[in-house]
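Number of protein chains: 2
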Amino acid sequence: MGTEARKLQGEVDRPQQELQTLKAQYHSEDEELITISDYILKRLEQLNVTSIFGVPGDFNMHHPTIQWIGNCNELNAAYAADGYSRVKEHSIGVVVTTFGVGELSATNAIAGAFSEMVPVLHIVGVPSTTQLKNKPMLHHTLGDGRFNVYTKVAEQITAAQAIIMNKAQAAAEIDRILVEAIIQARPVYLTLPMDLTTEKISAKRLKIELPRTPPPNNPDVESYVIDEIVKLVEDAKRDVIILVDACAVRHDLREEVNDLLVKTQFPVYATPMGKTSVSEEYERYGGIYIGSITHPSIKERVENANLILSIGALKSDFNTGMFTYHIPARHTIELHSDHTLVRHAKFPDIGMKWLLPKLTERLSKFQEGASRIPVPHYKLDIPKESDDKISHAHFWPRQDVIVAETGTSNFGVMDVPMPDQCIFVSQILYGSIGWATGKHSQVSLLNLHLTGNDSIAARDRHLGRTILFTGDGSMQLTVQEISTMTHNKLTPIIFVLNNKGYNIERHLHGLDRKYNDIADWKWTSLLTTLGDIEGKLTQSYTVRSKSELDKLLDDEDFVSARKIQLVEVIMDKYDTPRALQASAALTAQAAAGQL
Amino acid sequence: MGTEARKLQGEVDRPQQELQTLKAQYHSEDEELITISDYILKRLEQLNVTSIFGVPGDFNMHHPTIQWIGNCNELNAAYAADGYSRVKEHSIGVVVTTFGVGELSATNAIAGAFSEMVPVLHIVGVPSTTQLKNKPMLHHTLGDGRFNVYTKVAEQITAAQAIIMNKAQAAAEIDRILVEAIIQARPVYLTLPMDLTTEKISAKRLKIELPRTPPPNNPDVESYVIDEIVKLVEDAKRDVIILVDACAVRHDLREEVNDLLVKTQFPVYATPMGKTSVSEEYERYGGIYIGSITHPSIKERVENANLILSIGALKSDFNTGMFTYHIPARHTIELHSDHTLVRHAKFPDIGMKWLLPKLTERLSKFQEGASRIPVPHYKLDIPKESDDKISHAHFWPRQDVIVAETGTSNFGVMDVPMPDQCIFVSQILYGSIGWATGKHSQVSLLNLHLTGNDSIAARDRHLGRTILFTGDGSMQLTVQEISTMTHNKLTPIIFVLNNKGYNIERHLHGLDRKYNDIADWKWTSLLTTLGDIEGKLTQSYTVRSKSELDKLLDDEDFVSARKIQLVEVIMDKYDTPRALQASAALTAQAAAGQL
Chain Z
0 MGTEARKLQG EVDRPQQELQ TLKAQYHSED EELITISDYI LKRLEQLNVT
50 SIFGVPGDFN MHHPTIQWIG NCNELNAAYA ADGYSRVKEH SIGVVVTTFG
100 VGELSATNAI AGAFSEMVPV LHIVGVPSTT QLKNKPMLHH TLGDGRFNVY
150 TKVAEQITAA QAIIMNKAQA AAEIDRILVE AIIQARPVYL TLPMDLTTEK
200 ISAKRLKIEL PRTPPPNNPD VESYVIDEIV KLVEDAKRDV IILVDACAVR
250 HDLREEVNDL LVKTQFPVYA TPMGKTSVSE EYERYGGIYI GSITHPSIKE
300 RVENANLILS IGALKSDFNT GMFTYHIPAR HTIELHSDHT LVRHAKFPDI
350 GMKWLLPKLT ERLSKFQEGA SRIPVPHYKL DIPKESDDKI SHAHFWPRQD
400 VIVAETGTSN FGVMDVPMPD QCIFVSQILY GSIGWATGKH SQVSLLNLHL
450 TGNDSIAARD RHLGRTILFT GDGSMQLTVQ EISTMTHNKL TPIIFVLNNK
500 GYNIERHLHG LDRKYNDIAD WKWTSLLTTL GDIEGKLTQS YTVRSKSELD
550 KLLDDEDFVS ARKIQLVEVI MDKYDTPRAL QASAALTAQA AAGQL
Chain Y
0 MGTEARKLQG EVDRPQQELQ TLKAQYHSED EELITISDYI LKRLEQLNVT
50 SIFGVPGDFN MHHPTIQWIG NCNELNAAYA ADGYSRVKEH SIGVVVTTFG
100 VGELSATNAI AGAFSEMVPV LHIVGVPSTT QLKNKPMLHH TLGDGRFNVY
150 TKVAEQITAA QAIIMNKAQA AAEIDRILVE AIIQARPVYL TLPMDLTTEK
200 ISAKRLKIEL PRTPPPNNPD VESYVIDEIV KLVEDAKRDV IILVDACAVR
250 HDLREEVNDL LVKTQFPVYA TPMGKTSVSE EYERYGGIYI GSITHPSIKE
300 RVENANLILS IGALKSDFNT GMFTYHIPAR HTIELHSDHT LVRHAKFPDI
350 GMKWLLPKLT ERLSKFQEGA SRIPVPHYKL DIPKESDDKI SHAHFWPRQD
400 VIVAETGTSN FGVMDVPMPD QCIFVSQILY GSIGWATGKH SQVSLLNLHL
450 TGNDSIAARD RHLGRTILFT GDGSMQLTVQ EISTMTHNKL TPIIFVLNNK
500 GYNIERHLHG LDRKYNDIAD WKWTSLLTTL GDIEGKLTQS YTVRSKSELD
550 KLLDDEDFVS ARKIQLVEVI MDKYDTPRAL QASAALTAQA AAGQL
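Quick mapping for you: the protein sequence lines, in order, are chains Z and Y.
Residue 0 is where the first sequence starts when you use numbering that gives the first Met the number 0, and the numbers rise one by one after that.
Residue 0 is where the second sequence starts when you use numbering that gives the first Met the number 0, and the numbers rise one by one after that.
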């Protein structure tokens, strides 16, 4: 089924779902029944979910069919669900925790998914409906009879909540929040009382799949907006560039964007959060734009264009070089998931999912002219340095990168062009350290699970190999997930950039603050200690010089090993990537009220 | 100053404080000034705080005088502050985190402190006041302009919040929440914008110390209540017992309770959460009461008493043997921090802090009769077992225990009488696993810091030695705090009970659920990997049999070592302490609606 047809099917299904909600209360006795747990799992299967993350707790659900990945703690489990959702696309992440003590530990990761628009279902096993009504002083409560506290917390950081209290409402509520998760690309929250998991409800509703697209735009307004945009493109006399940002991927527009690029041939650039949303080997791709931190040649081409068509912009501080875009609104069109901006005019409820394909058709007539605009391919060279110390300037151009931690790694990787079909994931807006290792247990798992699925496995050139870059400081927050990786026999390569502390904090708030130094660990025995007791599943290395690094990266055994490998990279305490230095300077100015 | 005088001083100081609040806005230019950061630190000094816990973040405060303990993550830091507060008494715990990504990770630990009534100050470094007002799309935000989300979360799990937005309100707000933390014995929340930390305010207010006691009771009602209680004690014809629970310690009544015990000589029992609130070597101490799980001889003496004077009761499920108290209200008087129950009558606002000393005076006349009631001393024997496997029945009677993890350890330790002046801390109501290792970095620190302070150091027989019991499952949640311990050169003994998974969950929800099995770790290389690179600061052991365990515990070098020591204790997967078996059975019945 094509994109358009799939979307229209969604429109047909929508009223059908509502009908089912009403009918659920009157189902006849002879129809097929299913437990509420299984109902959820069936829906998740339909959404291509193959793994669920979590920590066992005394109120947990059982999960017979989809693979259960037990993480070491709930924060890490929720990070894993976030990562699963980002990497897999067309699906959602799922994390299961327990009432209070479990779910609250996941709070930070769920807030991060909200901030960065990642669809995650957070299922919380709660006490029985009788206990929820009578409110005894149970363990895991605050002891003051307020049983709704945790839900109030969830309301702050999720897009929708379903508090299941009886079986009649269960199916409709589950469906409602799943649709919200997909359409809004945000986390949602579901509480499941322990006595209801095995209660049986009608399975009939499952026959209609959940809609995955937002409702269509008002056709009159939409066609008016398209006319306006086409007019502006004409006025721009070919000099149009496209800027792709995070929401293009989060709202599942990769295919539509690619279609636009191919049919129009306009030059395309990406933001840091949009990195790899467009293939970086694509001949019309010109590099990354981050306001005043942008490389001068790229900056000039973006900022001097007559018209900028921005898709899915998310203008956070670190994504825009501390709000230093030099692009006047009168030269800008912004397509968003739920509105469109044409210069200064806002069109509420005109969303890009329906608008973009129509726009592409209208803009394809500009192809010939557009294809004549030159787009120099940006290439990052390894600089010649006089010493053998491993510097950021030397390290990053040598990497094909997939996962980068918030912090120093994120800035290092920004300038690195990536091979085609690489998936780059990082957390730039919310910026919680520890995120990469936490979610990493998932990223690798994903590759492992999908080896039988050509369409997805082929997306990764390196035979499903996941590479994680993290700092020593960040790694310490979520280190126990190494255990989940060995337990599940994954084979990522983990680079730990050891610079003895929180490098990004040093550059933001004072190079020699003592509290940014951290305890040094014996990094090379981490893998064996945390699970690989016999030392057969893992291999660890320390590299201290450019020559040692180069030798390892060129070693065929290293590149093709079917083991987890950890590489401790010794770096200078104060060395730092270019993009971080520039961002830190701007952040300090902003904090001092100078920006 | 005696207790009474100290409390009266508080009453004198209260209106003085209010006066200062008003005067703050009109301070003259020649008076002493102090930065807001230093104001907070001075107040904390006055509250005997010697260490502050946290993780560096880009909005953090500086802390020049009080010792900064950098934890590996915020959950662990907040657990450490919780533990510090519990063990130190007459003080509070302090944790510093950063806006959003930091503070949310601490949520679970703060909720635990709320649930278990532990005073903790949570200081959050937030963006500048200008940024808070203009609401740009900053990193660490949810990207939707809602800058008050994190405060709304904090409102759910803290007793008071202070959102500092200008220097005029700062001192009064800081004082207000500190007083709330102490009086309510709950966590409180303070946000400090980065541009205000170095702003200067008047230091004058610091000359008046903060009140530490609640306001006095209404004298008429109080004297009526005392008369009622004395009448009931007379009617009970000597047959009165005292039952001490958690809130007696949390609301700082250890001294008053001790006075009551000595002057009346009534037999005294404790609940699990009240364990060690009364010396377990005290000759009139009869043991632990947990409803139907109580040892039969103790159960009979408690439940058959004519009158039970309960102090600071906190009737949670695990603290009451799943709500199986067999004590009729007509035989009960309950003293609480903010009300009193005399049989079925409730007296709101009559709190025990002021009532108890007066009641003690009135009840002292019963001493002679009371002292004739026999109190058999409860002693736990090591059972004779035919095999050499280390069982819970064998293990626990051999320990002098200080810190026990939620989970199996908590139940194991319940029946163990403790040496005089031991401090036992555990988390029974909230029950979040991982808590012990997280907070442990603190408990040891405390002993280390206070070696110069005889009154506190002497409370611990073992020369300040802290012993931590934890399970393999629990330990994995917060394991990185090992690093904080080695980094700060602490010397606890850590027993890891290795039974290959979540034992308590097995007993609550099915012995053979696969998700309760966890990855095995090389426990004996944990200390060297996570910080003791040269292997000089730590020592690790594995014990597999009763004889190996006994040999180690009798080894003088082990007992007196000035190193961190980790002992991996290999136990049977299904072996379990008596109290846990009984609780698990009752919990399962409650969940099934049979209780």
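No wet-lab data here; the hints were simulated from the structure.
For each residue, glycine too, the CB sits at the ideal point set by N, CA and C.
Do not rely on the hints blindly, as some may be mistaken.
Partner residues are not named here, just some residues of chain Z that face chain Y (Cβ under 8 Å, in silico) [said to hold, decoys possible]:
no., residue
1, LEU103
2, ASN107
3, PRO135
4, GLY142
5, GLY144
6, LEU313
Computed far set for chain Y versus chain Z, every beta-carbon distance over 12 Å [said to hold, decoys possible]:
no., residue
7, ILE33
8, GLU73
9, THR106
10, MET116
11, ASP219
12, LEU231
13, TYR281
14, SER291
15, PRO295
16, THR490
17, ASP519
Straight-line C-alpha distance at most 25 Å; calculated DSS-like pairs for lysine-lysine [said to hold, decoys possible]:
no., chain 1, residue 1, chain 2, residue 2
18, Z, LYS132, Y, LYS572
19, Y, LYS151, Z, LYS151
20, Y, LYS499, Z, LYS535
21, Y, LYS134, Z, LYS151
22, Y, LYS134, Z, LYS499
23, Z, LYS521, Y, LYS151
24, Y, LYS345, Z, LYS134
25, Y, LYS535, Z, LYS499
26, Z, LYS364, Z, LYS236
27, Y, LYS236, Y, LYS364
28, Y, LYS572, Z, LYS488
29, Z, LYS488, Y, LYS521
30, Y, LYS345, Z, LYS521
31, Y, LYS488, Z, LYS572
32, Y, LYS151, Z, LYS134
33, Y, LYS572, Y, LYS388
34, Y, LYS521, Z, LYS521
Right, here's what the structure says about each hint:
At its closest, the beta carbon of Z/LEU103 sits 4 Å from a beta carbon of chain Y; the interface hint therefore holds under the 8 Å criterion. Interface hint status for Z/ASN107: upheld, as the beta-carbon distance to the closest one in chain Y is roughly 4 Å, under 8 Å. Taken as an interface hint, Z/PRO135 checks out: its beta carbon lies about 7 Å from the nearest beta carbon of chain Y, inside 8 Å. With 8 Å as the threshold, the beta carbon of Z/GLY142 comes within range of chain Y, its nearest partner Cβ sitting at about 5 Å, so the hint holds.
A cut of 8 Å between beta carbons decides the hint on Z/GLY144: the least distance to chain Y is about 12 Å, and the hint is violated. Among the interface hints, the one on Z/LEU313 holds; its C-beta lies about 7 Å from the nearest C-beta in chain Y, closer than the 8 Å criterion. Its beta-carbon lying about 22 Å from the closest one in chain Z, Y/ILE33 satisfies the requirement of being farther than 12 Å from that chain. Once the 12 Å rule is applied to beta carbons, Y/GLU73 is inconsistent with being away from chain Z; the minimum gap is 8 Å.
Distance to chain Z contradicts Y/THR106 as a non-interface residue, since its nearest Cβ pair spans about 5 Å, not more than 12 Å. Under the 12 Å C-beta cut-off, the non-interface status given to Y/MET116 relative to chain Z is violated; the minimum distance is some 8 Å. No Cβ of chain Z approaches the Cβ of Y/ASP219 within 12 Å, the least distance being about 29 Å, so the stated non-interface status holds. Against chain Z, the non-interface label of Y/LEU231 holds: every CB pair exceeds 12 Å, the least being about 26 Å.
Look at Y/TYR281: its CB is around 28 Å from the nearest CB on chain Z, clear of 12 Å, so calling it non-interface holds up. At the 12 Å boundary, the C-beta of Y/SER291 stays outside the reach of chain Z, the nearest C-beta of that chain being 16 Å off. Taking the minimum C-beta to C-beta distance to chain Z, about 25 Å, the non-interface status of Y/PRO295 holds against the 12 Å cut. A cut-off of 12 Å between C-beta atoms confirms that Y/THR490 is not in contact with chain Z; the least separation is 16 Å.
At the 12 Å boundary, the C-beta of Y/ASP519 falls inside the reach of chain Z, the nearest C-beta of that chain being 6 Å off. Pair hint Z/LYS132 plus Y/LYS572 does not hold up; C-alpha atoms about 36 Å apart against a cutoff of 25 Å. Our distance criterion of 25 Å between C-alpha atoms is met by Y/LYS151 and Z/LYS151, whose separation comes to about 9 Å. A distance of roughly 20 Å separates the Cα atoms of Y/LYS499 and Z/LYS535; the hinted pair therefore holds under the 25 Å criterion.
Of the pairs offered as hints, the one joining Y/LYS134 and Z/LYS151 holds, with about 23 Å between alpha carbons and a cut-off of 25 Å not exceeded. Under the criterion of a C-alpha separation no larger than 25 Å, the hint pairing Y/LYS134 with Z/LYS499 is inconsistent with the structure, at around 34 Å. At roughly 41 Å between alpha-carbon atoms, Z/LYS521 and Y/LYS151 are farther apart than 25 Å, so this suggested pair is violated. About 21 Å separates the Cα atoms of Y/LYS345 and Z/LYS134, which keeps this hinted pair within 25 Å; it holds.
For the given pair, Y/LYS535 sits about 20 Å from Z/LYS499 by alpha-carbon distance, which is consistent with the 25 Å threshold. Taking the CA atoms of Z/LYS364 and Z/LYS236, the gap is near 13 Å; set against the 25 Å cutoff, the hint holds. Between Y/LYS236 and Y/LYS364 the CA atoms are separated by roughly 13 Å; this keeps the pair inside 25 Å, and the hint holds. Among the hinted pairs, Y/LYS572 with Z/LYS488 is consistent with the structure: their alpha-carbon atoms are about 24 Å apart, no more than 25 Å.
Of the supplied pair hints, the one linking Z/LYS488 and Y/LYS521 holds, its CA atoms being roughly 17 Å apart against a limit of 25 Å. Among the hinted pairs, Y/LYS345 with Z/LYS521 is inconsistent with the structure: their alpha-carbon atoms are about 60 Å apart, more than 25 Å. At most 25 Å may separate the alpha-carbon atoms for a hinted pair to count; Y/LYS488 and Z/LYS572 meet this at roughly 24 Å. As the CA atoms of Y/LYS151 and Z/LYS134 are separated by approximately 23 Å, the hinted pair is consistent with the 25 Å bound.
Annotation: proposed proximity of Y/LYS572 to Y/LYS388 holds, straight-line Cα distance about 11 Å (limit 25 Å). A distance of roughly 14 Å separates the Cα atoms of Y/LYS521 and Z/LYS521; the hinted pair therefore holds under the 25 Å criterion.
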